[in-house]
Each structure stands twice: as C-alpha cells, then as structure tokens.
Amino acid sequence: MYRSRNRNRGNNIKGPNSALTQFLQEEGISADSIKQRWLDTHPIENEEEKSSDQDDVKEGEENEQNIAIIEESKSLETSVDLLESSDEDEGSKDDQNASRISRTRRLRKLIDNADSDEEEYHASESPTVPLFRNAKDPETVAKKRERTKKLIHGRKKRRKRAANLLDQKGEEIPTLQQMALSVISKNISTWETDNNNDKFLFTHLRDVLGGISLENLNRLANALSKNRALNDNTLQLFLKTDLKSLTFYDCSKLSYEGYKTLVIFSPHLEELSLQMCGQLNNEALLYIAEKLPKLRSLKLDGPFLINEVTWIKFFETMKGKLQEFHVSNTHRFTDKCLSSLLENCHLDLVSIGFSRLDSLFNYAILPQYLVNENFHTLVIEYPYNEEDVSDEVMINILGQIGSTLKCLVLKQCDELTDSMVVNGMSAFLGGTDGINNNLETLVLEAVDQLTTDSLVYFFSQISLPSLKTCSLSRCIEVGDDAIIEIFLNSAKDSLVKLNLNSLKNLTAKVFSVFKCDKLETLDLGFVRCVDDVTIGTICNQNLSLQLVDVFGDNLITKDANIRQGVKLLGRQSDSI
Amino acid sequence: MSSPNDTSDSKQDIISLIGSDKVKHSILREDAMLSSTLKSIASGNFADSKDSIELPSMSGPVIEKVIEYMNFKGKLLREGREGDNTEVTAEKFENFNIPTELSLDVLLAADYLNI
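So the sequence lines, in the order shown, correspond to chains A and B.
For the first sequence, UniProt numbering begins at 1 and goes up steadily by one.
For the second sequence, UniProt numbering begins at 1 and goes up steadily by one.
Everything labelled a hint here was simulated from the structure, so no lab data went into it.
We put the CB at the ideal spot given by N, CA and C, even for glycine.
Accuracy of the hints is not assured; some may be wrong.
[Stated by the list, open to error] DSSO-like, lysine-lysine: derived pairs with alpha carbons at most 30 Å apart: (1) 186(A) to 143(A); (2) 144(A) to 186(A); (3) 186(A) to 157(A); (4) 244(A) to 157(A); (5) 558(A) to 24(B); (6) 22(B) to 160(A); (7) 75(B) to 157(A); (8) 186(A) to 75(B); (9) 75(B) to 22(B); (10) 156(A) to 22(B); (11) 567(A) to 75(B).
[Unchecked claim] Some residues of chain B that are not near chain A, with every Cβ distance over 10 Å (derived): (12) 13; (13) 14; (14) 41; (15) 73; (16) 77; (17) 83; (18) 97; (19) 110; (20) 111.
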C-alpha cells in the first residue's frame, strides 16, 4: 500500500518525493516494519490491535469517508500522510481506537525523526483531532481542499527554491539585466524561425547591441549557447569590428561559413575560444590563421574535422604569433601536430592545454621546448595513456617553467606519484626562498597515487600567498594532515575556491582549524565525515563562504545550523 | 504605476525620469537610488535639476518598465528591512514580465543604469 505506485516501477526514477522514499528504503524503514517493531515490543496490546485491524479493513471498504481519504492521499502522497489518512479512517470507530491513534502519532514521530523534508504534516497534525468526523460535511471538505491547496503551493515553492539552488541562484532579487537576458534567450529561437521578422530583428539587434557593454555581449553569448541557439544567423550579433576577445560556449550549430564570416567582420580578434566547434573544418581553421593577424590565443574544444596536415600548416602560419593554445576532444591531434606547435611557436608560447586527446602520446617532448620565461599556464587532462605523463616528464617540465607558473592543472594523470610532488613541485615551484608569489591555480584531480606525506611536505616547504584555487578532488589517498597543512600555509589568506571532493579519509578534526578569510566556494562532496556540527563550524569560521557542495554527505541534515548567506548544494533533506 | 497616487507617497521624496518622449515618469528617490548611475547623476555637481533626470536614449515604455522594476525591488528591500512579510510582494514580483519586443531595450537600459 505504501507508495506502491513508485515501488512497482522497480527502478530508481526520481519522483517528487524520491529522496524521502529512497532514504526510507535504504534505512529499511517502512510503515510495515515500524508497525511490526512496535507490535513486537508491545505484545499486550497486540491481540486487541489485530482484531481492530480486521475491522478496519472491512469497514474501510464500505466507508463513505473514502472520498475524503482518496482526496487527501492524492494530494499528499507520502507514507506519513497515508498513516495520517488511515488515522482519519478510524475516526468513525469508537473510543477504543484512541490508543491506536496515539500509537499512529508515535509512529509518525518515529518517521519524522528519521527524516522529513515535508513540513506539511505538522500543519495537519493536531492533538485535538476529533475522533468523529463526517466527510460529507462541506466545512470539512472545504478545509481539506484549502489544506491541499496550501500543500501544493508550498511544494511548488520548495521546488522552485531547489531549482534555484541547483542553478546556483540565490533567493536574492534578480537584476533587471538578468531578467531581460532570460527573456531574450527564451525567445531567440522563436525569433530565428520567424522569417518575416528576421531581417528587421537582426538589424535591430545589431543597432541595439552596438552600444552594449562587452560584459552583456558575453552574457548574451552565454545565453545563446545555453539554449543551443548560436548559429550563423545569431552569430551576426557578435560581428563587431572592434571586438578583441570572443568566447562561444556551444558552436555546434555554427557552420564553417559562419566561422569565415566571423573572421571577416571581426579582424581585430586577439583571443578566440570556440567550444564544441565540431563543424570547424580545415578550410575555416586556415582562414582564421590567415585573416586574424592579431590572433594570439586560440582555445578549441572538439575540432575533430581538422586533420594532421592542416594542424601543421596552421602552426606554420601562426609562427611568431601564437602565445596561448588549448585543444581538447579530438582524436586527430597527433604527436606530429604537437611537434609542429612546439617547433614553430615555442618561443612565444606562454599557455598550453591538452585535454582528452586520444592520439597524443609524446608528452615527453614538452620540456625541451617550453622556454618562454613568462610561461604561466599548463593544463594536462585525461591523457590517453597514463604512463605518457610520468613523474619524470612532469619533473622535467616543472624544472623548465615551474617558477613562473600561475596555473597548473593535472587531471586524471594516474601515473603521477609522490615523486612528482617532492622532486618536481616542491623543488621547482618554490624558487630559492620557498615563496611562490605566482601560483594562483593548483588543480591535482584524480591523481590517485598522491599521498598525504608528499602534500604535507609540499605545503610545508612552499609558501603560496597568491593561491586562489586549489583542488585535490578524488585524490583518495590524501588524509587530514595534508589539508591541515594547506590551512597552515599562507595560501589560507588568499584561497577563494577549494575542492576536497571525495577525500574519504578526512575526519572532522581537520575542519576545526579551517579558517580561510576569502574562501567563497567549497566542495565537500562525498567527504563523509562532514555532519551538522562540522558544517556549522565551517560556515561560522569562514566568513566569506557563499557556496558549499555537499553531495553525498548524508550526515548533514535539515537541522544543520547554516549561517545566513551560505548556500548548501546537494543536501539530501533539501530534495523535493 | 509610475506615478504614485496616494497622499502618503506624495509627501515622500519623488524624482522624475524623462525619456525620449519627454514625459515625466515619477519614482521614489529611494527606489531610484538603487541604480548607481542615477545616484551619481542625482548627486553630481553638474546636475541641472535635482528633481528630474533626463534619459534621452530610453523610450517611455522602457522607462516605465525600469521604474516598475525599481519599485518592486525597493518595496521588497524595505519589507525585508522592516521584518514584514515579503511574500505578497515577492509573489507579484514573480509575475513581473518584460515584453519580448522591449527586452533588448530594457537590457540596454538596465546595463546603462547598472540594475
């Protein structure tokens, strides 16, 4: 009977109350089990209850009050509410049911204590519920309807709050700019298809956008990308001759003709970032190289149409100009392409990034070419063969450019060990006096061979007063001491973003010394030790904290004392 | 909407925003000061008049929308400060919508006014 509608599906599809249901299932709590447990512990009343139960079943079938019960169960649909409705069902019985009702209340309390994000039960819970109630009484029906209405309204509000939380929007009042942008992005696809207004619209858009700030132009690009509405038509919005920097987050609908138009109309572009640029072909890439004489930074994601020959030709054309080059998600960027990039552009390169390149193996070639004394960004993510990015390679690279690095990102480089941290990072990032004023971003994610010892050594040897972003996510061997050492390092005064996701060995003691004055974002997902008390302490000690990810931290309940201004993302009891 | 009708409002400090249509649109000074741009204009040494601000690049409907937004925001902030129940205003604010044909102009205006 209990939530049978969902149970019969036999899957984990999330419904409106799935978190509660899931939790009760996981904990083995069900109305039957609670009832059985209570009956076991109260054998004296047992026999009386059995007979009354049988009566209930028969009577329930014939009872006219079913109308009211059905109405209520439809609106509430929770186990507790069903208990409550059964409570009302028994209202037609005489006084002997009084003990049964109090028992139901106790059961309800049990469940409430276990977990409850459905505050609405309390509204219906009243110690003076009349035992006799006529369902046909219009007043009662009206009251029930009123209550149902309130519940639905409350549920809607909670759903909206949860949706906002997931979008990382606060409950603060949105700005008019945000509201206008949301209207634009909602309608932009409709506008596109409306051919009659097409010309007028884009002329108008261009006229209007001619005076818009670059910030809003970027927001508009964001909004378009989010709605997958960036195409050759909407691209016209960005064709400004004075544009120097442009980022498109979803170019999947931009044809190669679109790229060519962009290049022709915005010849002064210096920085270009094209994400998901699956239609960027050989011709368009070479066109970019030829027609953008000032281009110095190119970041491409998913340019899988570009072949090896074109890459090589592109780097030859960009010789002496290209300073930043990031590429990800293509199987056609090979060792030869990397050689060409380094041979032609190594003198100017200050930032490189390689992510998910399935045909790139020769990372060992990097150290000898990275010679620019202003080199600041190195990103290596998800190498196809983990042994290609070894300790030796990284130590050599850091030996070349370690002291000037501002951003070091190493993700899923499984082959790296403590040796890289001790002999590479500790040896070359610190300079002579053990202070590194350059490093702002340090990301070592899913480097699962790293241990506490090496990180303790690193953070105790090198002072990092400029570190703003630090991530040790999924370095599952890392324990308390390494994190405490971060909090003792001068980095504690500059950290804005800290990611400790999945550090399962951490204990609550590490957070007692956790005090970073500028910290705004913290990811504590799957750090199982974090409970209500710990999260309260963290919020109170870090006064700039705004957002904490707590997915999978099931010890954090709705009772956690969270400072105003802090948003918890992923708390189980917030589920709708 | 843009011109407060009741007597209590008329006693309060009100300024006018004048758009390209040359019509005066009234707004509480406190609400208008939510925009840092209007605040600088109103408090600047070179303001011709402290009681009216000309915004020639904005049309009447856009200014009305801007004022409607600032009224809502101001009211919500006041209710929040005074510990009143903000629910009713918040609910009305949720129904605040921007006509599609005005959205770009409103964006521009909001961008300029920094709201």
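* Interface exclusion of residue 97(B) relative to chain A, criterion Cβ beyond 10 Å -> Given that some Cβ of chain A is not farther than 10 Å from that of residue 97(B), nearest at about 8 Å, it is violated.
* Asked: Hey, residue 558(A) versus residue 24(B), does the alpha-carbon distance stay inside 30 Å?
  -> 51 Å, violated
* Sort out whether residue 186(A) lies within 30 Å of residue 144(A), counting only the CA atoms. => 38 Å, violated
* Distance restraint between residue 186(A) and residue 75(B), which requires alpha-carbon spacing of 30 Å or less -> 28 Å, holds
* Hey, does residue 73(B) actually stay past 10 Å from chain A on C-beta? -> Label violated. Min Cβ-Cβ 5 Å, cutoff 10 Å.
* Non-interface claim for residue 110(B) versus chain A (Cβ beyond 10 Å) -> 4 Å, violated
* Far enough from chain A: is every CB of that chain over 10 Å from the CB of residue 111(B)? -> 5 Å, violated
* Straight-line alpha-carbon gap residue 186(A) to residue 143(A), limit 30 Å -> 39 Å, violated
* **Holds or violated: residue 567(A) to residue 75(B), with C-alpha atoms at most 30 Å apart** => Satisfied, since the Cα-Cα distance of roughly 24 Å is no more than 30 Å.
* Take the C-alpha atoms of residue 186(A) and residue 157(A), compute the straight-line distance between them, and say whether it is at most 30 Å. => Holds. Residue 186(A) to residue 157(A) sits at ~22 Å (cutoff 30 Å).
* Asked: Straight-line Cα separation of residue 156(A) and residue 22(B) no greater than 30 Å?
  -> Not satisfied, since the Cα-Cα distance of roughly 43 Å exceeds 30 Å.
* To do: Quickly compare the C-alpha distance for residue 22(B) and residue 160(A) to 30 Å and report which way the hint goes.
  => 41 Å, violated
In summary, the structure is inconsistent with hints 1, 2, 4, 5, 6, 10, 15, 16, 18, 19 and 20 from the numbered list given earlier, while agreeing with the others.
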